[in-house]
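Between the sequences and the hints, there should be enough to build the whole structure, so can you do that?
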Amino acid sequence: MPMDEGFILSNKYRRAIFNEFAVGETNIRRIAKKHRIILTVAQRVVNDFIKGGIVEKKDNAYAFTKKGEKLVESIGK
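Read in order, the letters of the sequence shown correspond to residues 0 to 76 in numbering that gives the first Met the number 0.
Derived from the structure by calculation, the hints contain no laboratory data.
Idealized CB from N, CA, C, for every residue including glycine.
Heads up, a few of these hints could be off.
What the hints assert, rightly or not - Mimicking PhoX-like on lysine-lysine, the simulated pairs with C-alpha atoms at most 25 Å apart in a straight line are:
#1 K57 to K32
#2 K56 to K32
#3 K57 to K69
#4 K69 to K11
#5 K32 to K11
#6 K11 to K66
#7 K56 to K11
#8 K65 to K50
#9 K65 to K11
#10 K33 to K56
#11 K33 to K11
#12 K66 to K50
#13 K56 to K66
#14 K50 to K69
#15 K57 to K33
#16 K56 to K69
#17 K11 to K50
Said to hold, decoys possible - Restraint-style ranges between C-beta atoms, simulated for each label pair:
#18 G5 to D58: 27 to 35 Å
#19 I49 to V22: 24 to 32 Å
#20 R35 to K65: 27 to 35 Å
#21 L8 to K33: 17 to 25 Å
#22 R14 to G52: 13 to 21 Å
#23 E72 to I37: 23 to 31 Å
#24 E72 to E24: 26 to 34 Å
#25 I37 to K65: 24 to 32 Å
#26 S9 to N59: 23 to 31 Å
#27 K69 to S9: 24 to 32 Å
#28 A60 to H34: 16 to 24 Å
#29 E72 to T39: 28 to 36 Å
Here it is as structure tokens:
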């Protein structure tokens, strides 16, 4: 699965979760509630991000990998 700007920005759920991670929110339940996303859908998006190598789970939080940080920089511009 290609993890690039287009893939993330083409879906409102991926975009919302990606943007929340980018501003430092790591709690998937809060993100899902804030954006009115069904929790299982939000978790599936996060799992896709993990499989795509842009997010990793550290303890009970999520953090961008180096690849993810590059995407944050390019999408944020």
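So, going through the hints one by one against the coordinates:
1. K57 to K32: holds, 22 Å
2. K56 to K32: OK: K56 and K32 at ~20 Å, within 25 Å.
3. K57 to K69: Roughly 19 Å between the alpha carbons, so the hint for K57 and K69 holds.
4. K69 to K11: Holds, because 20 Å separates the two Cα atoms, which is no more than 25 Å.
5. K32 to K11: Holds: K32 and K11 sit about 14 Å apart, inside 25 Å.
6. K11 to K66: The given pair, whose Cα atoms are some 21 Å apart, holds under the 25 Å limit.
7. K56 to K11: holds, 22 Å
8. K65 to K50: OK: K65 and K50 at ~14 Å, within 25 Å.
9. K65 to K11: holds, 23 Å
10. K33 to K56: Holds - the C-alpha atoms of K56 and K33 are around 21 Å apart, at most 25 Å.
11. K33 to K11: holds, 13 Å
12. K66 to K50: Holds, at about 12 Å.
13. K56 to K66: Cα-Cα ~14 Å, so holds.
14. K50 to K69: OK: K50 and K69 at ~17 Å, within 25 Å.
15. K57 to K33: holds, 22 Å
16. K56 to K69: Holds, because 18 Å separates the two Cα atoms, which is no more than 25 Å.
17. K11 to K50: Cα-Cα ~19 Å, so holds.
18. G5 to D58: 27 to 35 Å: About 31 Å separates the Cβ atoms of G5 and D58, which means 27 to 35 Å holds.
19. I49 to V22: 24 to 32 Å: The hint (24 to 32 Å, Cβ to Cβ) is violated, given that I49 and V22 are roughly 19 Å apart.
20. R35 to K65: 27 to 35 Å: Between R35 and K65, where Cβ atoms are some 31 Å apart, the hint holds.
21. L8 to K33: 17 to 25 Å: At 19 Å between Cβs, range holds.
22. R14 to G52: 13 to 21 Å: holds, 18 Å
23. E72 to I37: 23 to 31 Å: At roughly 30 Å between Cβ atoms, I37 and E72 fall inside 23 to 31 Å, so the hint holds.
24. E72 to E24: 26 to 34 Å: violated, 18 Å
25. I37 to K65: 24 to 32 Å: holds, 30 Å
26. S9 to N59: 23 to 31 Å: holds, 29 Å
27. K69 to S9: 24 to 32 Å: Once the Cβ atoms are compared, 18 Å apart, the range 24 to 32 Å for S9 and K69 is violated.
28. A60 to H34: 16 to 24 Å: holds, 18 Å
29. E72 to T39: 28 to 36 Å: holds, 30 Å
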